[in-house]
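Student: Quick note, the sequences are listed as chains A and B, same order.
Counting from 1, position 83 in the first sequence corresponds to residue 83 in my numbering; the numbering is continuous, with no gaps.
Counting from 1, position 307 in the second sequence corresponds to residue 307 in my numbering; the numbering is continuous, with no gaps.
The set of hints was computed from the structure by calculation and includes no laboratory data.
Keep in mind that this is a model prediction, so the values were computed, not measured.
Cβ coordinates follow ideal geometry from the N, Cα and C atoms, glycine included.
Do not take every clue at face value.
[To be verified] With the C-beta cut set under 7 angstroms, the calculated list includes, among others, these residues of chain B facing chain A:
{"hint": "1", "residue": "F80"}
{"hint": "2", "residue": "L136"}
{"hint": "3", "residue": "A248"}
[Stated by the list, open to error] Over the 12 angstroms line for every Cβ pair with chain B, so calculated as not near, a few chain A residues:
{"hint": "4", "residue": "G63"}
{"hint": "5", "residue": "L97"}
{"hint": "6", "residue": "A117"}
{"hint": "7", "residue": "V221"}
{"hint": "8", "residue": "T235"}
{"hint": "9", "residue": "S259"}
[Said to hold, decoys possible] If you want the ones that stay clear, here's a sample from chain B, every Cβ over 10 angstroms from chain A, calculated:
{"hint": "10", "residue": "P32"}
{"hint": "11", "residue": "I40"}
{"hint": "12", "residue": "G104"}
{"hint": "13", "residue": "R114"}
{"hint": "14", "residue": "A130"}
{"hint": "15", "residue": "W138"}
{"hint": "16", "residue": "T159"}
{"hint": "17", "residue": "F217"}
{"hint": "18", "residue": "D244"}
{"hint": "19", "residue": "A265"}
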Amino acid sequence: MEHSSLAGRIFRGVALTLILIFFMFPIVWIFLMSFQTNEQILRIPPRILFEPTLANYEALISGQLRTAAGNLQISFMRNLFNSVVLSSAAVLLALLLGVPAAYAFARFKFRLGETIAFTLLSFRFAPPLLVLLPLSLYYQELGLNDTYFGIVWVYQLIALPLILWIVRGYFEDISPDIEHAYRLAGHSWREAFTRIAVPLAGPGIAAAGLLSFIFCWNNFVFALILASADKQPVTVGALAFVTASGIQYGQIAAAIVLSVTPTLLLALYAQRYLVEGLSLGAVKG
Amino acid sequence: MSMVQLLQTNAQAAPAKPRPRVRLLPYLLSLPALLVCVAILVPFVTAAVYSLQRYRLNLPYLRGFIGAGNYIDFLTDPAFWNTFRISITYTALTVVLELLLGLGIALLLRRPTRFHNAVSIMLLLPLMTAPAIAALMWKLMTNPSFGILSYFIGLFGVTDFKWASDPSSALFTVVLVDVWVYTPFIMILLLAGLRSLPRQPFEAAALDGVPASFVFFRITLPMLAPYIITASLFRLLDSIQQFDIIYAMTQGGPGDRLMVFQVQAYLEFFQYTNVGRSAALLMILWLITNILSNIFIKNWLRLRARAHGHA
Chain A
1 MEHSSLAGRI FRGVALTLIL IFFMFPIVWI FLMSFQTNEQ ILRIPPRILF
51 EPTLANYEAL ISGQLRTAAG NLQISFMRNL FNSVVLSSAA VLLALLLGVP
101 AAYAFARFKF RLGETIAFTL LSFRFAPPLL VLLPLSLYYQ ELGLNDTYFG
151 IVWVYQLIAL PLILWIVRGY FEDISPDIEH AYRLAGHSWR EAFTRIAVPL
201 AGPGIAAAGL LSFIFCWNNF VFALILASAD KQPVTVGALA FVTASGIQYG
251 QIAAAIVLSV TPTLLLALYA QRYLVEGLSL GAVKG
Chain B
1 MSMVQLLQTN AQAAPAKPRP RVRLLPYLLS LPALLVCVAI LVPFVTAAVY
51 SLQRYRLNLP YLRGFIGAGN YIDFLTDPAF WNTFRISITY TALTVVLELL
101 LGLGIALLLR RPTRFHNAVS IMLLLPLMTA PAIAALMWKL MTNPSFGILS
151 YFIGLFGVTD FKWASDPSSA LFTVVLVDVW VYTPFIMILL LAGLRSLPRQ
201 PFEAAALDGV PASFVFFRIT LPMLAPYIIT ASLFRLLDSI QQFDIIYAMT
251 QGGPGDRLMV FQVQAYLEFF QYTNVGRSAA LLMILWLITN ILSNIFIKNW
301 LRLRARAHGH A
C-alpha cells in the first residue's frame, strides 16, 4: 500500500520535508544566530553564510555584557549552575524516595498504596498554581522561600509521580518468583531489592530518572514563584535576561542555546528509553 | 555500612517471623510518597479555603469569610468570561491542530525504516525544549524588525504582521508555538500505537483490494482510538492550564487578549495581591480539568476494554 504510486511517494517525500523544516528550523536558526553579531542579525535580507563569532558566548561566560549604554553585569552562568544543582538534586531525591515506594506498590497490594498512587496521578492534572500560590505563603512563614531545599522539595511534585508510575510498571513486569527464591536462600528483602529487583528494573529506573531530569530542567513556573534571582534556573533566568539585555539578540540566542543544549543532548543520547518512558508514563499515568 | 550489616544479620537471625515485617514494610517504603501527597494536599485545601475568603495581601485587616462571594462575582465579571473564552479557544485550537498533525506524521512514519526512526527522534527535540525557552526562540524569529519569519512572510507580500504583539494575531502566534512544542508528543504516542496494531486486518483488506480510505476510516482509526483518546486527554488537560508559553511570550497581553486561567490567576495574586480571587479562579480551573479527565478516563477505559474484548 505504501509503495503504490510515484505520486504517493512524491507526496510523502514533500510532506516529510516540510515537517522536518517546521520542527527543526527554529533550533537550527537560533543556533546560527548565537554565533552572529547584532549587526549581522539585523541585516536584511538575512544570510545563511556569515563570519561566526564567539563574542556572545564570551559575554555570557564572563558575565560582562557590553551595550551601547555601558557595561551590564549578567549572571546567566549562575542560572545554568542553579539548573544543574536543582535538577540533579531533585532527581536523586526522587529516586531515593520513589524507587522503594514503587517497589512497595508493585509487590504488596495495600489500600494506602493505591490511594497514594492515584492521588499523585490526579494531581498530575491539577493546575500547578493551585498548589504553588498557597505554598509560596507557607514557604515565607517557614523560611523556605528562596532556598535550594525548598525548590528541590517542590520539584518532587514533578519527579516523584513520574518515577513512581514508570518504575512501578517495570517492577510489576518482573516475576516475583526470582526474589522469592533468593529470599528462601536466606537473604533479606533488602538484598533481594538491591541485588535482584533494582538491577532488573534498571532500564525503567534510567528512563524515569532521565525523563524527570528533563522535566525538572524545563520547568518554569515553580522557580518563577519560589526563587529569587540568585536561585533561579535557566528557564526563568533566560526570560529575565531578555528583559534586562533588551536588544542584545545575539546574546539572547546564545543564552537559549546554552539553556536547551543539556536536555537536547540527553534526549538524543537516551532516545530509546525516552520514547518508552513517555509512552509508558502517558499510558500508565 | 554497619547499619546495613546490622539489618542483614537481623534478617538472618530471625527468618522464622518475617510476617509482621512484611505488613509494616510497604507502609515504611511508601512513607516518603505519602509525605509528598500531604505536601500537595495541604496547600490544595488551603487554596480551597482562600477561595471562600476576602483576602488581599495589601489589605490584611479586611480578610474574612465571604462564602461563595468570589465565585458569584465572576458570574458578572467580563474579565472572567474573557479568560474562560480564551482558555477554551486556545485549548480547542491546540488540541485539534496537534492531533491532526500528529496523526498525519505518525501515519507517514509508520513503517519502521531507519530513516523514519531518525525523523521521529529528531522530532523529539522540540518536545524536550523547555516551553518557556521555546517561546523565547519564536519571539526572536517573529521579531517584526529582523525576525526570519517576518522576513519570509514579507516575501509573500505580507508586511506589517506583528505576530504576538498584535491583538488580532497574538492567539495564532502562541498556538503556533504550542503546536511546535507538543505535536511530537501526540506523534510519539500514536506512532507507538500504530506500530503495535495487529497486521491481519490490514493484510486481509489488502488481499480483498479494499480502498485505502475505507481501511483508514474503518480499520486504522477505530483500532487506534484508545491511543488517540489518551493522547488528546493529556494535551487537553495540559493545554487548558497553559502558562509557560503564554507568560514568556506576552504575559497574557496584548491587553487581555491571551489572559488564560493560570496567567490571570498569577497576575491576580502577584500584581493585584488578591489571593481570594486568584484561588477561586484556580479552583474553577481545577473543577474543569477534573470533569474533563473523568469523562475521558471513563471513555478510555471503555474503549480499552472493547479493544481487548475483540483482540
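Student: Each hint: holds or not?
Tutor: Okay, the hints, checked on the actual structure:
Here the hint on F80/B is broken, as its CB sits about 16 angstroms from the closest CB of chain A, past 7 angstroms. Evaluation of the L136/B hint against chain A yields a held restraint, the C-beta minimum of about 6 angstroms falling below 7 angstroms. Annotation: interface hint on A248/B holds; nearest CB of chain A at approximately 6 angstroms, less than 7 angstroms. Every C-beta of chain B lies more than 12 angstroms from that of G63/A, the closest at about 20 angstroms, which supports listing it as non-interface.
L97/A, annotated as away from the interface, has a beta carbon of chain B within 12 angstroms; the closest lies near 4 angstroms. Against chain B, the non-interface label of A117/A is violated: not every CB pair exceeds 12 angstroms, the least being about 8 angstroms. With a least beta-carbon separation of about 5 angstroms from chain B, V221/A fails to lie farther than 12 angstroms from that chain, contradicting its non-interface assignment. With a closest Cβ-Cβ approach of about 5 angstroms to chain B, T235/A is found to fall inside the 12 angstroms limit, against its non-interface label.
Its beta-carbon lying about 5 angstroms from the closest one in chain B, S259/A breaks the requirement of being farther than 12 angstroms from that chain. Non-interface call for P32/B relative to chain A: violated, since the shortest CB-CB distance, roughly 4 angstroms, does not exceed 10 angstroms. Taking the minimum C-beta to C-beta distance to chain A, about 5 angstroms, the non-interface status of I40/B is violated against the 10 angstroms cut. The beta carbon of G104/B is not kept farther than 10 angstroms from every beta carbon of chain A, the shortest such distance being approximately 8 angstroms.
Non-interface call for R114/B relative to chain A: holds, since the shortest CB-CB distance, roughly 14 angstroms, exceeds 10 angstroms. Non-interface call for A130/B relative to chain A: violated, since the shortest CB-CB distance, roughly 4 angstroms, does not exceed 10 angstroms. The beta carbon of W138/B sits about 7 angstroms from the closest Cβ of chain A, which is not more than 10 angstroms, so the claim that it is off the interface is violated. Against chain A, the non-interface label of T159/B holds: every CB pair exceeds 10 angstroms, the least being about 12 angstroms.
Distance check on F217/B: its Cβ is at least 15 angstroms (rounded) from any Cβ of chain A, clearing the 10 angstroms threshold; non-interface status holds. Distance check for D244/B against chain A: the nearest CB is about 4 angstroms away, which does not clear 10 angstroms, and the non-interface claim fails. Distance to chain A contradicts A265/B as a non-interface residue, since its nearest Cβ pair spans about 5 angstroms, not more than 10 angstroms.
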